[in-house]
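We have chain A already, so just place chain B on it with the hints.
Here is what each chain is made of, one letter per residue.
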Amino acid sequence: MLDPNAYTRRELLRGGLLLASAAAAAPLFIQNSALAMEAMLGGLSSAPGIPDERVLVVVQLSGGNDGLNTVVPFGQPEYYKARPGIAIPQRDVLALSGADGVGLHPQMGALREMYDAGMVSVVQGAGYPNPNRSHFKSMDIWHTADTTATGDGWLGRYFDSECCGFGAGEGGQAKGSPPGIALGRTAPLAMQGRAVQPVSFESEELFKWSAAEIDKDLAEGYDALNRRGAEGGRDTNADFLLRTALDAQVSSDLIRRAVAQRPLAQYPGGGPGAELGRQLQMVAAMIRANLKTRVYYVSLGGFDTHAQQGGPQGRHAQLVKGFSDALKAFYEDLKKQENDARVMTMVFSEFGRRVGQNASQGTDHGTAAPMFLLGPMVKPGVRTEHPDLRDLEEGDLKFTTDFRGVYAGVLNDWLKVDAAKVLGKSYGKFGVVRG
Amino acid sequence: MPQDQAKAPGITRSLVPIRPEEFGYEQARHLLWRAGFGGSDAQVRRLASWGPEKSVDVLLEFGGKNAPFDPVEGDRFDRDIVRPATEEERRAYRAAQQKGDEDELDRLRKVRQDRERQDRQQVGEVAKWWLTRMIETDAPLEEKLTLFWHGHFATSYRTIENSYHMFAQNQFFRANAAGSFADLLLGIIRDPAMIAYLDNNDSRKNRPNENLAREIMELFSLGIGNYSEQDIKEGARALTGYTFEDDEFRFVERNHDFGAKTILGRSGNLNGEDFVSIILSKRACADFVARRLYNFFVADVPPDERGGAKELPQTQRAVLRELGEMLYARGYNLRPVLKRLFLSRHFYDPSIVGQQIKSPAVLVVGAVRSLQTPVRDLSILLDAMDLMGQRLFFPPSVKGWDGGRAWINTSTLFVRQNILAYLVAGRRPVGYDASADTDAFDAMAMLETTDDARVVKREPGAVAEHLLRVTLGRVPSEGLERLRGYFASESGTINQRTVANALLLITAMPEYQLC
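Order-wise, the sequence lines are chains A and B. Just so you know, the numbering used here puts 231 at position 231 of the first sequence, and the rest follows in order with no gaps. For any residue, its number in the numbering used here is found by taking its place in the second sequence, counting from 1, and adding 1000.
One chain only, chain A, in its complex shape (with noise of 0.2 Å):
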């Protein structure tokens, strides 16, 4: 590997190649098909039947799902007692074969026609001890994985600790993509490492200079500036914003001309499908254009349901239908693109709503709740037990899976590290990965 100070403008059009920014604080690592051919030619290890170069996707429902809405406990009598305006009726609930006494909500039936392929993990009950039911707090503590809420994000602490998230172990090095891509705003406090910086933008527009479209000499004039590069050796503040600059450039051209591709799929057209659909198809084509990017992070916001939320329509219906519309429409797209093996999404909230309903038809903050897993290398089927809802704690679930022990699991399993450095201690084996 050349020294990564000594790419200039004239080795990046020589090589063809992408770059790596030196210094830690620079994110920037973008690749291109060379250099991913390279790497898949290249001694990569191999555990049989699953793919390497693997990608993790989260999804992050935000404002806490019902969970007890998503994944329907209707064998237990307490759930109707307990929200008799907003329960799920036993004859509308998506059964799920293997398992006894839960089932999705009706609107689910894209996650449902997953689960029968094979492709969907249900972890029940999933949570930590003395829950927090404040939406940031509860957050932060998904985010690091630490019940304080305090220190860098999970998957930051994983790009830290892998070789900026190219996991040595795998042959990658830090000459790749971006390790970590956030469509959103900002990029979310589980990204945040030491070293690494995750790339966020909220739609590809974003990554551009906005001046650009005024004058053709001087969109010239701006790409030939931020394009420089800088001279090997030296590490300024300015050498490191040419160098910043530079892949900025790069990576803007890559992930534009990605995003621009047709999607293989048709994601749904409107509703928070279509928001949380937009999001996976930008995905999607970064996948299919061999970004190396390990994680990509989504979100749905809207789970905040204290009123009207309704049952088997209204609008937590909307949000649950969106969420599994949208991705089915994912994995049919990466099938297509046959790169759906080496994807698995884990999709989580911040709390789940309480047992029962408020006075305004609607649920408030609560504690537990179902994530999933889905892929097709996923461990198939209704894993975890349900929270009991005979045992309550003042009127919340207790948590039967503490979500740090998924979160190992995909760690360990999927990407491959020691999950109890990247999480600073062991919770256990939680196979996520298919025997």
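Everything labelled a hint here was simulated from the structure, so no lab data went into it. One or more of the hints may lead you astray.
Taking lysine-lysine pairs in the DSS-like style, the calculated list, with each CA pair at most 30 Å apart, reads [stated by the list, open to error]:
hint, chain 1, residue 1, chain 2, residue 2
1, A, Lys398, A, Lys379
2, B, Lys1399, A, Lys425
3, A, Lys137, A, Lys335
4, A, Lys379, A, Lys335
5, A, Lys398, A, Lys421
6, B, Lys1205, B, Lys1233
7, A, Lys137, B, Lys1110
8, A, Lys137, B, Lys1282
9, B, Lys1282, B, Lys1205
10, B, Lys1205, A, Lys137
11, B, Lys1457, A, Lys216
12, B, Lys1099, A, Lys81
13, B, Lys1233, B, Lys1399
14, B, Lys1110, A, Lys81
15, B, Lys1233, A, Lys137
16, A, Lys398, A, Lys429
17, B, Lys1099, A, Lys398
18, A, Lys398, B, Lys1110
19, B, Lys1099, A, Lys421
20, B, Lys1110, B, Lys1099
21, B, Lys1128, A, Lys208
22, A, Lys398, A, Lys335
23, A, Lys137, A, Lys336
24, B, Lys1399, A, Lys421
25, B, Lys1110, B, Lys1128
26, B, Lys1233, A, Lys425
27, A, Lys379, A, Lys429
28, B, Lys1399, A, Lys137
Chain B alone, transformed into the frame defined by chain A:
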């Protein structure tokens, strides 16, 4: 540095003052950017004509009775949006709970949520007020120091959810901005925002919460390596009972541990003030604070020597040592130390000038102040600062903002370029109402401040050079080449449109991120 100067009797080597004849346009410009938020060509020229001594004195003159900027009206922000429940409200809640009156409970919950929403709105208003102040103030160093203390004693609204406490803390920083660090450290243990942020209101005699004591030692005053875990435990005991009620500090005797304690080798029935005084008596404290000030105003240095950080050059070590020494000798009085620093030749060294990465606040405020663009929409500016990693009143953690290179990545770089495009050309960032902002930016005013005959005659090459010098402080050859190319593509036309376009190009140069 000439040897004769360095060896002159009575003048220390590392902070030898700059001579008046060495203080020209470039130095004045540097001073304005670092001790403030930059300035227009005319302002730079004025400082250059004053010379170093007067310029630094003027910048440090603030906070007196005749503060030039309108002091905040005390009632500008509502202090009661968030307040303790009244006895009546508590009774109503208890009654509803006992009766199981869900409708009433729901109503009370809504009232609370409504207040929370109002308060979030108000913290946004406080941020706008502060940003306006930074943009308009006649005492930029006062605001710059307030920003420094906000990052040093980092407290986030996200945790405390009380906008008035954030505002009061901001006023406390401003009132002591260049005063004494001792007053700041003594004040911070009585500051409701900080007490809530670091959980000291939950600290009790029998179960002291160590959060505040720990962060005071680690991040606010001494730095790791200068205290032990035992000192934290004892410090936490000294701080028990330091809490607040509504908006006021309260010392609650029954929660305070009056027992004997030993902190950093000093024993007695120590209280919170003793804890702080003992810390202040350590030279390590002065060194730590000097280092943070140096990092903010002069050049990136790691907060401490941990983790095998690159060893600092000899000259920098000497400067830091001397600053610490002076701060200590002056009883933590900041003004003389800052004055010495801003007058030092070291501060104007070519390795220092133009090498600092602008914080988002400096980028945005500095653009308005130096280019004299319209302010346009404060919410858009604040949003952009958030996207660039610096949301006022929401520092990411008690460590504050890392600053330096951590500000820059490929996403923030585009945000930086695009917010300048908004200020200069009124082009709203993607995601906002697409109509252009109509306030006109008078770009030609940039050419009115010089009597350079070639600029007056609107010679494109000279105009390009002038714009670069005013905007970047220097004339990089690639920039000059591209600007000339641009003016040539416009057949050499120099007018409002082409000069504004030239400024778009300059402010999108990687060099524009530096000051």
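Status of each hint after checking the structure:
The straight-line distance between the Cα atoms of A:Lys398 and A:Lys379 is roughly 24 Å, inside the 30 Å bound, and the hint therefore holds. Restraint check: the Cα-Cα separation between B:Lys1399 and A:Lys425 comes to about 24 Å, which is no more than 30 Å; the hinted pair holds. Taken as a hint, the A:Lys137 and A:Lys335 pair is broken in the structure, with Cα atoms around 37 Å apart against an allowance of 30 Å. For a cut-off of 30 Å, the pair hint linking A:Lys379 to A:Lys335 stands: about 18 Å separates their Cα positions.
A threshold of 30 Å between alpha carbons decides the hint, and for A:Lys398 with A:Lys421 the separation of about 28 Å falls inside it, so the pair holds. Between B:Lys1205 and B:Lys1233, the direct Cα distance comes to roughly 12 Å. Compliance with the 30 Å bound is thereby established for this hinted pair. Taken as a hint, the A:Lys137 and B:Lys1110 pair is honoured in the structure, with Cα atoms around 21 Å apart against an allowance of 30 Å. Proposed proximity of A:Lys137 and B:Lys1282 is contradicted: the alpha carbons are some 36 Å apart, above 30 Å.
A hinted pair counts as satisfied when its Cα atoms are at most 30 Å apart, and B:Lys1282 with B:Lys1205 qualifies at roughly 27 Å. Simply put, B:Lys1205 and A:Lys137 have alpha-carbon atoms about 26 Å apart, close enough for the 30 Å limit, and the pair holds. With a CA separation close to 27 Å, the supplied pair B:Lys1457 and A:Lys216 stays within the 30 Å bound. With a CA separation close to 20 Å, the supplied pair B:Lys1099 and A:Lys81 stays within the 30 Å bound.
With a C-alpha separation of about 20 Å, the suggested pair B:Lys1233 and B:Lys1399 falls inside the 30 Å cut-off, and the hint holds. Distance hint between B:Lys1110 and A:Lys81 is fulfilled; the C-alpha atoms sit about 25 Å from each other, no more than 30 Å. At roughly 26 Å between alpha-carbon atoms, B:Lys1233 and A:Lys137 fall within 30 Å of each other, so this suggested pair holds. Distance hint between A:Lys398 and A:Lys429 is fulfilled; the C-alpha atoms sit about 21 Å from each other, no more than 30 Å.
The hinted pair formed by B:Lys1099 and A:Lys398 meets the criterion: a straight-line CA distance of about 26 Å does not exceed 30 Å. For the suggested pair A:Lys398 and B:Lys1110, the alpha carbons sit about 27 Å apart, so the restraint of at most 30 Å is met. For the hint linking B:Lys1099 to A:Lys421, the alpha-carbon distance of about 51 Å lies beyond 30 Å, and the restraint is violated. At roughly 18 Å between alpha-carbon atoms, B:Lys1110 and B:Lys1099 fall within 30 Å of each other, so this suggested pair holds.
Note on B:Lys1128 and A:Lys208: the hinted pairing holds, with a Cα-Cα distance of about 27 Å set against a maximum of 30 Å. For the given pair, A:Lys398 sits about 38 Å from A:Lys335 by alpha-carbon distance, which is inconsistent with the 30 Å threshold. Using a Cα cut-off of 30 Å, the hinted pair A:Lys137 and A:Lys336 is violated, with the two alpha carbons roughly 40 Å apart. For the suggested pair B:Lys1399 and A:Lys421, the alpha carbons sit about 23 Å apart, so the restraint of at most 30 Å is met.
Of the supplied pair hints, the one linking B:Lys1110 and B:Lys1128 holds, its CA atoms being roughly 27 Å apart against a limit of 30 Å. For a cut-off of 30 Å, the pair hint linking B:Lys1233 to A:Lys425 stands: about 25 Å separates their Cα positions. Taken as a hint, the A:Lys379 and A:Lys429 pair is honoured in the structure, with Cα atoms around 13 Å apart against an allowance of 30 Å. Between B:Lys1399 and A:Lys137, the direct Cα distance comes to roughly 18 Å. Compliance with the 30 Å bound is thereby established for this hinted pair.
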